[in-house]
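Letter by letter, the chains look like this.
There are 2 protein chains.
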Amino acid sequence: MKKVAIVGLGHSKFGVRKDISLREMAYESVKGAIEDCNVGSVDEIEASVTGITSDEFAQQVVPAPIITDYIGMVGKPNVRVEAACATGSAAIMTAYSWIASGLYDIVLAVGAEKMHEAGTSHATEIMAMAGDSQWEYGPFGVTFPGFYAMLAIAHMAKFGTTSEQLAKIAVKNHKHGVSNPNAHMRKEITVEKVLDSFMVAYPLHLYDCCLITDGAAAIIMVSEEKAKELTDTPIWIEGIGCSTDTATVMERSTFTGINSTRKAAQMAYKMAGITIKDVDVATVHDCFTIAELLAYEDLDFCKKGDGGKLIDEGETYYDGSTPINTDGGLKSKGHPLGATGISMAVEISKQLRGEAYNQVEGAEIGLAHNVGGSGQYIFVNIYRR
Amino acid sequence: MKKVAIVGLGHSKFGVRKDISLREMAYESVKGAIEDCNVGSVDEIEASVTGITSDEFAQQVVPAPIITDYIGMVGKPNVRVEAACATGSAAIMTAYSWIASGLYDIVLAVGAEKMHEAGTSHATEIMAMAGDSQWEYGPFGVTFPGFYAMLAIAHMAKFGTTSEQLAKIAVKNHKHGVSNPNAHMRKEITVEKVLDSFMVAYPLHLYDCCLITDGAAAIIMVSEEKAKELTDTPIWIEGIGCSTDTATVMERSTFTGINSTRKAAQMAYKMAGITIKDVDVATVHDCFTIAELLAYEDLDFCKKGDGGKLIDEGETYYDGSTPINTDGGLKSKGHPLGATGISMAVEISKQLRGEAYNQVEGAEIGLAHNVGGSGQYIFVNIYRR
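Just so you know, the sequences run in chain order A and B. The opening residue of the first sequence carries number 0 in numbering that gives the first Met the number 0; numbering runs sequentially from there. The opening residue of the second sequence carries number 0 in numbering that gives the first Met the number 0; numbering runs sequentially from there.
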C-alpha cells in the first residue's frame with residue numbers, strides 16, 4: 000500500500016453563513032488548502048472527493064458537480080460520498096484509497112454543508128431522517144437529541160454519570176473554541192449556564208447539544224513522492240478504521256456505549272501499529288456532550304464507566320494528560336455535517352505541525368473519531384507527523 | 000496496483016416493485032451475487048459500498064445503513080456514494096480502490112433505487128434537481144428530457160440525424176430486452192410505434208425515453224489471490240475512467256456530444272492498454288435514444304456525426320459488428336439510478352463469461368459507459384475475461 004500524506008489544510012469560517020452560497024463556501028476552504036502548500040493552483044490536483052450529507056440541505060439532488068465546477072475542477076474525476084455526520088471522514092477514506100491504490104497522486108477531499116437556511120426545527124427533522132425513518136422517526140418521531148438522551152440516561156443509570164459531568168465537557172470545548180477564529184460560538188460558558196439552559200431532551204440541556212452550522216473544510220492529500228515536493232510538514236495517514244452499527248438504535252446490544260466506535264478504533268490502531276497510549280491529541284465526535292463521554296470510554300482513553308471521572312479531573316483540556324477537541328469540537332466550533340470529518344483532520348494536522356490554536360506540546364500522533372448518525376457509521380483515523 | 004476481479008453477480012427483477020421495500024430489493028440482488036460464486040455467505044465479505052442516488056426516492060437522508068443492516072453486514076466498513084445516474088459506477092470505482100490499495104480483499108458493491116412510488120411527474124422533478132437547480136431547474140424548469148431534447152436538436156441540425164434513426168435505437172434495445180428476464184419492459188416495438196407515441200420534449204417521443212424503474216444490482220469484487228479461491232471465471236477490471244463536466248449544460252463547449260465521455264474513455268483505454276477496436280461488447284448509457292447515439296461517437300465506435308449511420312446499418316445489434324446494450328439497455332431493462340452502473344457490470348461480466356441472454360460469440364473485452372446527469376459524471380470501465 001502506498002503511503003498517503005495530508006499536505007494542504009483549508010477551513011472556512013463556521014457559523015451562520017448567510018453571506019455565501021454552498022459552492023462559494025466550499026471554495027473558501029479549497030482556496031485555503033491550495034495556499035497552505037506548494038501545489039500552486041487547482042490545476043495540479045488530479046481528482047476530488049466531495050462530502051455532502053443531505054440533498055435537502057444542499058437544495059440539490061446531486062450536489063457535488065456545482066462545487067466541482069465552481070472550484071475549477073471540471074473534467075477531473077469526482078465522486079460524492081455520504082456517511083451521515085461522518086461524511087467528511089468517508090471522503091478522506093475514499094481519497095486515501097484512490098492514492099494508496101495508485102489511481103491518482105494528488106486528490107482534494109472537500110466537505111461542506113449549509114444547514115442554517117432550513118431553520119432549526121426542519122434541520123432537526125432532516126437529521127432525524129438519517130436514522131431508520133421507516134421504523135424510528137416515521138412511527139415514533141425520535142430525533143437525534145432523543146437518541147442521545149436515551150444513551151445518556153442509560154449511562155447515568157449504570158455508572159452514576161451526572162448532568163454536571165456532561166456540562167463540564169461543554170464548558171471545556173467552549174473554552175477551547177474561544178481561541179479558534181473559525182469556530183461558530185466563541186464564548187466561554189459555565190456549568191451553571193449549561194444546567195440553567197432549557198431542556199431539549201432530558202437529560203440534555205441546550206448547551207449539551209452542538210449547533211446548526213454552515214461550513215466547509217478541505218484537505219489536499221498526496222502520495223509519498225508528491226509529499227516531498229509540496230510541503231516540509233507532511234502529516235501521514237497511518238490508520239483508517241471504519242465500522243457500522245444497526246440502522247435502528249433499538250437493535251443495539253448496549254446503550255452505554257457505541258460498539259462500532261470500539262471496532263473502528265481497533266482497526267485503526269492495528270493498521271497504524273499503535274495503542275491508545277501512543278495518541279497525543281484527539282478530536283472526538285461531540286454532537287452532544289454524552290457522545291464525547293462515550294468516546295472517552297469506547298476509544299479506551301479510560302475504562303468503561305470512568306468517562307465522568309476523566310472530565311472531572313480536567314484531563315481532556317488541551318494542557319491535560321489526554322487533550323481532546325482542542326479546536327472547540329462540534330460543540331463550540333459547529334457541526335456542518337459534510338465538513339466535520341475534514342475539519343477534524345485539519346485540527347489534528349495543525350496540532351502535529353505545531354500550528355494549533357491550543358497547541359499540545361510535542362504532539363506526534365493524533366486521532367480523529369467521527370460518528371455518523373448514532374453509530375451507523377464510525378471512522379477512526381490515526382495521523383502521524 | 001493490485002488486480003481486482005468481479006466474481007459474483009446479482010440482479011433483482013427490474014420493474015414496478017410494489018411487492019418489496021428498498022432494503023429487501025437490495026437483498027434480492029446481494030443474495031444472487033453470493034450464490035453466484037464460492038464466497039459461501041455474507042460473513043466472508045469484508046466491506047461494502049452502497050450506491051443510492053436520491054434521499055427522496057429512498058425516503059431516508061442516510062439510506063445505506065438500512066441496507067447494510069438488512070443484508071447482515073453490520074459492523075463492517077461501508078460508505079455510500081452518489082454520482083447522479085452513474086452512482087452504481089461510482090460504487091464500483093470506490094470498491095475497486097479499496098481492494099487495489101490493499102485495504103480489503105473482498106468487497107460488495109450494491110446499488111439500488113426505488114423510484115416508482117414517487118410517481119412519474121415527481122420523479123422527473125427529483126431528477127431535474129440533479130442538474131444545477133439554482134441556475135437551471137429553479138428559474139427555467141428544465142428537466143432531463145428537455146436537456147437531451149436540446150442535444151438531439153443540435154445533433155439533427157449539424158449532422159442531419161433523424162427521428163427514425165433515434166427510433167431504431169429504441170427498437171434495437173427493446174428487441175434485446177425481450178430475452179432478459181430481469182428487464183422492466185419485455186416487448187418488441189417498431190419505428191412507427193416510437194414515432195406515433197406522444198411527444199415528451201421535441202424531438203423525443205415517449206419511446207425515446209427510458210423508464211421509471213425500481214431495481215437493485217450487486218457484484219462481489221475481490222483481489223487476485225481471492226479470485227482464485229472463489230471462481231473459475233473471474234472478470235478483471237482493467238480500466239477505470241472517470242470524468243466530469245460543467246454543472247450547467249449552458250456552459251458546455253459543445254452540444255453535439257459529451258466531452259466528459261471522451262475524457263473518461265481515454266483514461267480507461269490508457270489504463271487498460273487497449274483501443275476501442277479491442278472492445279467486443281459494450282453497454283452505453285441510453286437514458287434517451289439520443290444519449291446512445293452520442294455515446295457511439297464520443298466513445299469512438301464511429302466518427303462524430305456517423306451515429307445515425309451505425310444504427311441504420313444495424314451494427315449495434317448483439318449479432319452485429321459493434322454489439323451494444325445486449326441486455327436491453329436502460330431503455331427496455333429500466334434505469335433505477337443507483338443500480339444501473341452495477342447492472343451494466345453484471346451484463347458485461349455475463350457476456351465475458353459466455354452466459355449472456357444475447358451472447359456475443361467469443362467476447363473477451365467489454366466496456367461499460369455510465370452517464371450521471373447530462374454528463375456531470377461519466378464513468379467508462381473496461382472489463383476482460
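Fair warning: there could be bad hints in the mix.
Which copy is meant is left open, because identical chains are indistinguishable; a pair holds if it fits in one copy or across any two.
Restricting the straight-line Cα-Cα distance to at most 20 Å, the calculated cross-link-like pairs of lysine to any residue (SDA-like) are [claimed, not checked]:
1) K174 - Y356
2) K1 - E223
3) K276 - M249
4) K269 - G74
FYI, nobody ran anything at the bench for these hints, they're computed from the structure.
Results for each hint:
In the homo-oligomer, the alpha carbons of K174 and Y356 lie at most 20 Å apart inside one protomer (12 Å), although the nearest pairing across protomers, at 66 Å, exceeds that limit. Taking identical chains as interchangeable, the C-alpha atoms of K1 and E223 lie at most 20 Å apart whether they share a chain (7 Å) or sit on different chains (18 Å). In this assembly of identical chains, K276 and M249 lie within 20 Å of each other by CA distance neither inside one copy nor across copies; the values are 33 Å within and 56 Å between. With identical chains, the CA atoms of K269 and G74 are at most 20 Å apart between copies only, with a shortest distance of 16 Å across copies and 38 Å within one.
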